[in-house]
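Residue numbers (the numbering used here), protein chains in the order written: chain S, 1 to 232; chain B, 1 to 244; chain A, 1 to 256.
If you're looking for bench data, these hints aren't it; they were derived computationally from the structure.
Built from N, CA and C at the ideal position, the CB exists for glycine as well.
Honestly, I wouldn't trust all of these hints.
[Unchecked claim] Facing chain S, from chain A, some residues (calculated, C-beta under 8 Å): (1) E3; (2) L4; (3) N8; (4) A23; (5) F27; (6) P29; (7) V30.
[What the hints assert, rightly or not] Derived, one-sided and incomplete: chain B residues facing chain A with beta-carbon distance under 10 Å: (8) I25; (9) S31; (10) E170; (11) L205.
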Amino acid sequence: MADKSIVVPGEEVASGMDFLPTEGVYRDGEKLVSSKLGLLAVDGRLVKIIPLAGKYLPKRGDVIVGKVVDVAISGWVVDINSAYTAMLSMKEASAEFIARGADLTRYFTFGDYIVTKIINVTSQNLVDLTMKGPGLRKLSEGRIVAVAPNKVPRIIGKQGSMVSMIKDATGCKVIVGQNGVVWLQGEPDNELLAVTTLRKIEGESHISGLTDRVKAFLDEEVGKLKKPEQGQ
Amino acid sequence: MGYDKRFDGRRPDELRPVAAKAGIIKRADGSAMFRIGNTVAYAAVYGPRDLFPRFLKDPQRGILRCRYNMMPFSGAGERVKPGGSRRSKEISMVTEKALLPVLNLEDFPNAVVDVFIELPQTDAGTRCAGICAAAIALADAGVSMKDLVSSVSAGKVGEMVAVDLSYAEESYKDGDVADIPVAFIPRTGQVTLLQMDGMIDKDGLKKALEMARAACLQIYEVQRRALKEKFAVPVAVKGNGSTV
Amino acid sequence: MNELLRANILKWFGKGMRYDGRAFGEFRPVSIELGVTKNAEGSARVRIGDTEVIAGVKMAVEKPYNDTPADGNLMVNAELLPLSSPDFEAGPPGEESIEIARVVDRGVRESKAIDTAKLCIEPGEKVWAVMVDICTINAAGNLLDAAALAAMAALRSTKFPAYNGKAVDYEHPTNNKLPMLRIPVLVTVTKLDEHFFVDPLIEEEKVADARLTVAITEAGQICAMQKGGDSPLSIDDIGRMVDLAAAKAKELHKKL
């Protein structure tokens, strides 16, 4: 089967003991079989499926965007757009010392969105977060958009090239959480263009030539945005 | 004279026209439509997501929860009262059992995958259509699974062994009728759903199962194509706003 | 809980723009498809943007209610199917689905949309019952207006099944359509701060202060209303909301 072709669960993707099944692939005797809907990727002997859909599975080290959904006695419960909520403890919440019994809502409260980092995931998917690190902070303005978590690598692009292109073209600030939650801030027209661009990447990332298409799209749309101002 | 020509002119091993489409409900994590003859099933998958009530949680793996439901106006004859019945409860349960063997839910302990099957229009074979739609929707949701599941009914009308019985055939009066809804894991040929009502001899049963197996491979092709076709073009994704 | 969302939407509204770029008085694209399920006596699928609902009409012969012995029976039910949103749960109908059903019911009933006297077969004994079920397929905001539009489209396409005086023969629909007198539509106007707008997105519904749903006939008569949301409205607010609803109702009537 050809590299980068779309495969569905149960489809045989390779045959023989020379190949090794990795993500999204299992061995059944001589055959390697897909267990995910996705794009087939063969790298030497390694066979994997790049998924086209799926929920976020928390991973240690991921920088994500979460929402505070509860304030507990010793920390905060955070919705991280997955099947599991996460905990941010008092000692990981701030560089300053938070005394026991302090009013935690002074730091983060219900409904706050935060850029945070996963520091631990147990076998039961209990997730611990930290706010200590560069760029980790509370988000005070802007729009939250949920995208398919498996499209995050394409939205970010190689060395952040795709997201930089969106930022440059629209003038928006953009933070892409590994959990598929994106934060955007800009002027309404530009913000909307940034959202449309994210949706375009999400919907077309499986079709080759994505970067060029997105660049052409942004060039054209940014031109449209500027027109009314020139007319004035 | 016995039943030697089907009411709708099909060959004994011939399915009603089959069609499928993946990704019909944007708010769902995965979704599909499956149509066989005049029976139409929609399925939506949500999850893996947090599970309530807590006592249902399994710390070893995620659980699967299915709900089969006929829309009130979907049936021939009188309105179907909403709110579920003993029949819909049982079908929900056997649907769960039909799908579970292919699912890999070990990565999602304590979580649930919800599958909602709704029938806007029914003829014969609703539970099988629901299972076919659900299997596409689960794959569309990105759930890890060893294979899809394909399902059809087989059986015997008079002396004829046939697949995908119609309503008219199910209610054939001039001889014995057996209706056997089955589901197969297409790759391995293992059976994950088997029910039967009516009367059939052992040889007839074996022949019916073989015929259902062959028919399910045709259905599998339709399911597979539905998933691939979704990605043949740019995919419509959720709206402009946030969904968090 | 939604402070960030509210602040951002208000920022947009302050610049005269909706959260998806629309104008305040602008609906998303509306489409109506008839005959979407063959076992119903009438049916319609309505899409408003990403929102999708199906309505189906089933008919039966029943005993009339005691207080209306010579009128047909009408019933409207709405099912917020768990398939249509991560926020809907399986189980008995909740407040939201009951509200949708009752508001649509009032619009149809109070406008005398159906000539119920013509549904009488034998006074006090046998009348036609018209049962409308509305099922949500994709819940992406403004379910009330979509539900009412689907219900009206389904009713207008409904044909009586055959009846021989004893049993209804559902297999043989007649060519007789339901006796319709008026065509009400619902328009919901939503308020956030000092802004009034139609056809809300889910995000806009989440942060809205109040809403007013107005049922309006093709002649411009108001035939039912429902205020929703937690904030009060002034008489002036209501006037503005009804004006906007009436203007939009004309557009929706053209779609039917």
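Against the structure, the hints come out as follows:
Interface hint at E3(A): satisfied, since its Cβ lies 5 Å from the closest Cβ of chain S, which is below the 8 Å cut-off. The restraint placing L4(A) at the interface with chain S holds, with a minimum CB-CB distance near 6 Å, inside the 8 Å limit. Taking 8 Å as the C-beta contact cut-off toward chain S, the hint placing N8(A) at the interface holds, the least distance being around 5 Å. Checking A23(A) against chain S by beta carbon gives a least distance of about 13 Å; that is not within 8 Å, so the hint is violated.
At a threshold of 8 Å, the smallest CB-CB gap from F27(A) to chain S is about 18 Å, leaving the interface hint violated. The beta carbon of P29(A) is not positioned within 8 Å of any beta carbon in chain S (closest approach about 16 Å), and the interface hint is therefore violated. This hint is violated: V30(A) has a C-beta 21 Å from the nearest C-beta of chain S, more than the 8 Å allowed. Contact between I25(B) and chain A, as hinted, is supported at the beta carbon level, the nearest pair being about 5 Å apart and thus within 10 Å.
Interface restraint check: S31(B) against chain A, minimum CB-CB distance 8 Å, threshold 10 Å, status holds. Using the Cβ-Cβ criterion of 10 Å, the hint placing E170(B) at the interface with chain A is not satisfied: the shortest such distance is roughly 16 Å. Interface restraint check for L205(B): the shortest CB-CB distance to chain A comes to about 31 Å, outside 10 Å, so the restraint is violated.
The structure fails hints 4, 5, 6, 7, 10 and 11 (numbered hints given earlier, in ascending order).
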